[in-house]
Amino acid sequence: MIGLGIRLALSGGRGAIVGLGLTSLAVAIGTAVLLFALSFAPALADRDARTAWRDNLRPTTDAVDATLVLRIEDRVDDQLLTRIHVAPDGDPAAAPVPAGLPSLPEVGEAYVSPALARLMGDLPSDQLADRIGRVAGSVPDAYLASPDELVAVIGTEPEVLRAREPYAVTAFETDALALELPLIGVLILALAAIGALAPVAVFVATATRLSAARREMRLAALRLVGATPGQIARLAVVEALVVTSIGSLAGIVLFLVSRPLVARIPLDATTWWISSISPPMAAAVVMLLAVQVVGAIAALASMRRLVITPLGVQRRAAPSRPAAWRIIPLGLSLAALAASVALFRDPGLSEVERVGMIGGAFAAVIGAIAFAGPWLTVVVGSVLHRVARGAAALLAARRLSDEPRGSFGAIAGVIMAVFVASAFFTFTAFARLQAGSDVDPLLREGGIMAYPTGGSSLPSGIAETVGELDGVIMAVEVRSVALLEDGEFATDYGWVASCPDLVEVLGLVGASCAADGVNLLGSADLGGTYDVIPATAPSAGTAPRLGVEIRPDPSRALLELPADTRAYVPAFLLDPSAFAEPAGVERLPADVLYVGTDGSAAVGERVRTAVVAAAPDATVRLESERVAADSQFAEIGRIVGLGLIGTLTLAGCSLAVAVTTATLERRRQFVLLRSAGMAVGTLRSMILLQAGVPLAAVAIASALLGALVGSGILFVTSGVLVLPDATVVIVIGLSIAVAMAVVAMTLPPLERMTRPTSLRHE
Amino acid sequence: MTTYLAAAPTPVERAAPAPILVATDLKKRFGRTEALRGIDVTIGRGEIVAVMGPSGSGKSTLLHCLAGILRPDAGTVELEGRRIDTLGETERSKLRRSSFGFVFQFGQLVPELTALENVALPLLLDGVSRSDAEARAADWFPSLGIEGLEHRRPGDMSGGQSQRVAVARALVTGPTVVFADEPTGSLDSLAGEQVMELLSAAVASSETTVVVVTHEARVAAYAHREIVVRDGRISGVVAA
Amino acid sequence: MSIQHAVLGLLQEGPRHGYDLKHLVDRYFAPDRPVAFAQIYATLARLESRGRVALDAVERAEGPDRRRYAITEDGRHELVRWLDEPLAPEPHLQAALFTKVVLAILSGRDVTAIVDSERHAHLARMRELTALRRSAPVPIGLLADYALFHLEADLRWLELTAARVDDLRTNLKLSTEDHP
Chain P
1 MIGLGIRLAL
11 SGGRGAIVGL
21 GLTSLAVAIG
31 TAVLLFALSF
41 APALADRDAR
51 TAWRDNLRPT
61 TDAVDATLVL
71 RIEDRVDDQL
81 LTRIHVAPDG
91 DPAAAPVPAG
101 LPSLPEVGEA
111 YVSPALARLM
121 GDLPSDQLAD
131 RIGRVAGSVP
141 DAYLASPDEL
151 VAVIGTEPEV
161 LRAREPYAVT
171 AFETDALALE
181 LPLIGVLILA
191 LAAIGALAPV
201 AVFVATATRL
211 SAARREMRLA
221 ALRLVGATPG
231 QIARLAVVEA
241 LVVTSIGSLA
251 GIVLFLVSRP
261 LVARIPLDAT
271 TWWISSISPP
281 MAAAVVMLLA
291 VQVVGAIAAL
301 ASMRRLVITP
311 LGVQRRAAPS
321 RPAAWRIIPL
331 GLSLAALAAS
341 VALFRDPGLS
351 EVERVGMIGG
361 AFAAVIGAIA
371 FAGPWLTVVV
381 GSVLHRVARG
391 AAALLAARRL
401 SDEPRGSFGA
411 IAGVIMAVFV
421 ASAFFTFTAF
431 ARLQAGSDVD
441 PLLREGGIMA
451 YPTGGSSLPS
461 GIAETVGELD
471 GVIMAVEVRS
481 VALLEDGEFA
491 TDYGWVASCP
501 DLVEVLGLVG
511 ASCAADGVNL
521 LGSADLGGTY
531 DVIPATAPSA
541 GTAPRLGVEI
551 RPDPSRALLE
561 LPADTRAYVP
571 AFLLDPSAFA
581 EPAGVERLPA
591 DVLYVGTDGS
601 AAVGERVRTA
611 VVAAAPDATV
621 RLESERVAAD
631 SQFAEIGRIV
641 GLGLIGTLTL
651 AGCSLAVAVT
661 TATLERRRQF
671 VLLRSAGMAV
681 GTLRSMILLQ
691 AGVPLAAVAI
701 ASALLGALVG
711 SGILFVTSGV
721 LVLPDATVVI
731 VIGLSIAVAM
741 AVVAMTLPPL
751 ERMTRPTSLR
761 HE
Chain D
1 MTTYLAAAPT
11 PVERAAPAPI
21 LVATDLKKRF
31 GRTEALRGID
41 VTIGRGEIVA
51 VMGPSGSGKS
61 TLLHCLAGIL
71 RPDAGTVELE
81 GRRIDTLGET
91 ERSKLRRSSF
101 GFVFQFGQLV
111 PELTALENVA
121 LPLLLDGVSR
131 SDAEARAADW
141 FPSLGIEGLE
151 HRRPGDMSGG
161 QSQRVAVARA
171 LVTGPTVVFA
181 DEPTGSLDSL
191 AGEQVMELLS
201 AAVASSETTV
211 VVVTHEARVA
221 AYAHREIVVR
231 DGRISGVVAA
Chain B
1 MSIQHAVLGL
11 LQEGPRHGYD
21 LKHLVDRYFA
31 PDRPVAFAQI
41 YATLARLESR
51 GRVALDAVER
61 AEGPDRRRYA
71 ITEDGRHELV
81 RWLDEPLAPE
91 PHLQAALFTK
101 VVLAILSGRD
111 VTAIVDSERH
121 AHLARMRELT
131 ALRRSAPVPI
141 GLLADYALFH
151 LEADLRWLEL
161 TAARVDDLRT
171 NLKLSTEDHP
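Those protein sequences? They're chains P, D and B, same order as listed.
Letter 547 of the first sequence, counting from 1, is numbered 547 in my numbering, and no numbers are missing.
Letter 76 of the second sequence, counting from 1, is numbered 76 in my numbering, and no numbers are missing.
Letter 60 of the third sequence, counting from 1, is numbered 60 in my numbering, and no numbers are missing.
It should be emphasised that the hints constitute simulated quantities derived from the structure, not laboratory data.
Accuracy of the hints is not assured; some may be wrong.
Here are some chain B residues the structure puts well away from chain D; computed CB gaps all over 12 Å [what the hints assert, rightly or not]:
no.	residue
1	PHE37
2	HIS122
3	LEU151
Away from chain B, derived, C-beta distances all over 10 Å, residues of chain D [said to hold, decoys possible]:
no.	residue
4	PRO17
5	THR90
6	ALA138
7	GLY145
8	GLY155
9	ASP156
Facing chain P, a subset of chain D residues (Cβ under 8 Å, in silico) [as the list claims (entries may be wrong)]:
no.	residue
10	ARG37
11	VAL110
12	ARG169
13	ARG233
Even for Gly, the Cβ is constructed at its ideal location relative to N, Cα and C.
Produce the entire structure from the sequences given, and follow the hints as far as they go.
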């Protein structure tokens, strides 16, 4: 029996082979997607375990013989550079050493990752190497998040670190910290996985249908000679298992082959170790078995009607027409989605529960779209029937009304992809909104700002050092200050900086500095005698203070700033000339450095290197990063985008397969129509109409729904009302166009296939 | 001409054979169509019976009911005294492959299997090992004039060859009754006659009963007697 | 064609003159080959001599005497016997079969019964021929085939006629009415 089933599955004409191949391919793609999905969490865990030694820093309170650690996220060459400054605290011999390193690096020495070593060789030392120091060895792969990661463990003076709030560590952890992705990111990824799997399922279903008519005939013939329903079921299961096992094996191969490519997709600005993308063995085995079981169940389900009678398709009862109640689950699932979104902020629920709830509801919406689809197709068909003029439109309309399930099945993949796409383009619009928002909008082109990460200040004289670098036009130190009036805080914080220099470096066109050095940027109302103290001072008592007398002047004009920057600037700007003793300003610590440059990449790295050499904890942001900034959302958006391309490709494949299948099934009818004098052109436009009209109608509906769902989820989870931008329109237009092109691709063979002579050998 | 033909031998008068397949008051409807409106049929062992009647008269439905493919809405079907209309689907399937054989107009061979495998199929379904089943199947090929076609696929054979393979398949289990529905419907006269000739010769020795639905008198002439179905009823029962 | 039975059948509806009978026979049974008056009168004479028809009345008008005949009880029996008994199935039965069907309709009988009994008779003969062909040398077998095909053709024509009997009935009734 099993042998017979295998023979039935594997033997057969070219059509059967194509069917077998496509179905296996579909299963293979599905299997590979599932394997990647299963590998996601382990890959993240592996990454976290590899970086635990520097990410999971546990400060100790009674620090004896500890190691001081300061971790700085720097950038070079548009990539993340993680600098880990270390220094022994106490006995250098007893200080714990990060895993994988022979010892703590000496001051001025560093252990670097291989990628960083390469980059240091490529860039002039004043752009990178001077930040790192002399290379003493390398950080082993096992302690790097990815092969491309730029990491340096830099030996630093303990005093330098102590001034910058380091961690004092007595042991370097090997246990990973909890997943650091923001909840919304996890949610988007979860939804993307669901969204990607739906078209895979559709593709599997469509590919199965390719050989369905033939198989039904064959199994009916078997029933006739006395195969029991049980035997038929076993045969169908064996056939399905042949396909799914071939597909699963191919899927494993596909997974292994595409793993190096997938490893190049960064998450958190980091690519992956190929070896870390591997699913847990037990889960993979269970999943592979589940694929077989699902395949078998699907085969049994498709056999259901045939088991009734050996007369096979001849006496098959016409399936009932889909009724309007098919729209109900869609309403219910949308309500469920709304409810789960509303509950998203409920603190009584765990993260898993919340993500699971939204994910489940989202999956339900996709399922409900598939369920409502046939009814929508009937509606579209009857509308088309009413407006139809020619024979092609009439035939297409009738076919839509009479075979809504098949007709919708063909386009279901594209419809789901469009729904998922429009939901996620809403997310990526949100991501773009988030991206770049942490770069100071005051920076103009080529601008750079530097600020200390810990509560410390920039070293004095930094402006001169930076100002002398090649390509730097001007560097201006800014001191954030607060005003005390009779020992009480008087107003919001403000800046002390050279007003003309700042106006120039920030490119505040048209702004003019006040003659007395007191410039108002916000609504502060200044007048009287004040003590100026650093805004970052922990308390007013210990901070250096500087007296200033400001003459009240109600007519004082505001320094004009571009409208979109006003939220980022302080209330006032005091030029040193406002103080009785301008040079005394130096006693206040500088905490921001604005640099104007010629905008080249090299000058950016030079400024960084110079600043970091002077202050290891300083963060340097380039204006150009505003565009290039790799926020997690942009990355997630990119992953989703890649997923969507795959999804749409799959959906296109399903569509092509489905249209071809439908044409093959109706070949006799088409031949007869042509024999009766119908032009091939009419047949072609009929097929185009039949796929195109419901595709356009349902795709637009589903896009609107997707955008609505996406906006809804975002509004509740992040409180921002984001409407999808024009990309949605482009994506949907493109999807429909590509889908129609796919349908059109199946048309050229139509002429040959439906030649009236072609039935002779049937 | 008549002089030559006048010498025609009168077919041997058959003693009334023992009834093997008895149907009483069969009724079957499909939706609004009443296909069978109360049919009584008795078919004897070793008889070849032709079922005739206009299109849509219900003759195929009668055959399907007698063969246990369809379940009648009312009435009984007995095979050798045993009710078969009340059997479950699995039981009827087993009955079909052990006691019945089938030859239909077309589309009955499994396109993926070779001629030999198609003939062996009922045996395989019955649990016979593949080598035994194919050996037994191969025995039928010479007597049906299809030697050498064992390893052809149905698509590579002519209609007449396919039908002879179907006859071999119908006979391979040594069935009690062979049901044939328009077995020559898609063949020309010569091929059709060959199929009927082979079928009637093959069953003659083994006392196999044949029920053949046909609208062709020449095919019906191979039968011992005919049953005419009209509007779901037996018409023109003429005392033999 | 059996003129005897045709005449008997036409007289079944009521007594008729020889002249009328000729025209009705021509009209229903032999539209392409009219029968001679002499043949009608000879037939009537033979039927009268066997007691199947009887002289009903003699009308004297201009020209020759017009003798009107009526069917007798014997004649009716003969007609029914003939209708019930299938013809010996041989090829080219068209004329006789056609006469039978028309008469069956004219006498209001069930045509399917005639078709069934004809089919039965035909198939019996075809069975003989099939058996003959199996045992006979090829030339005889080919002749048997010829006979089989013709018998089959007759049967098929008969079945078609049976299927269209309602049309035929309407048509015949119309023509008898407009020709009293």
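List, from low to high, the hint numbers that the structure doesn't satisfy.
-> Structure breaks hints 2, 3, 10 and 13.
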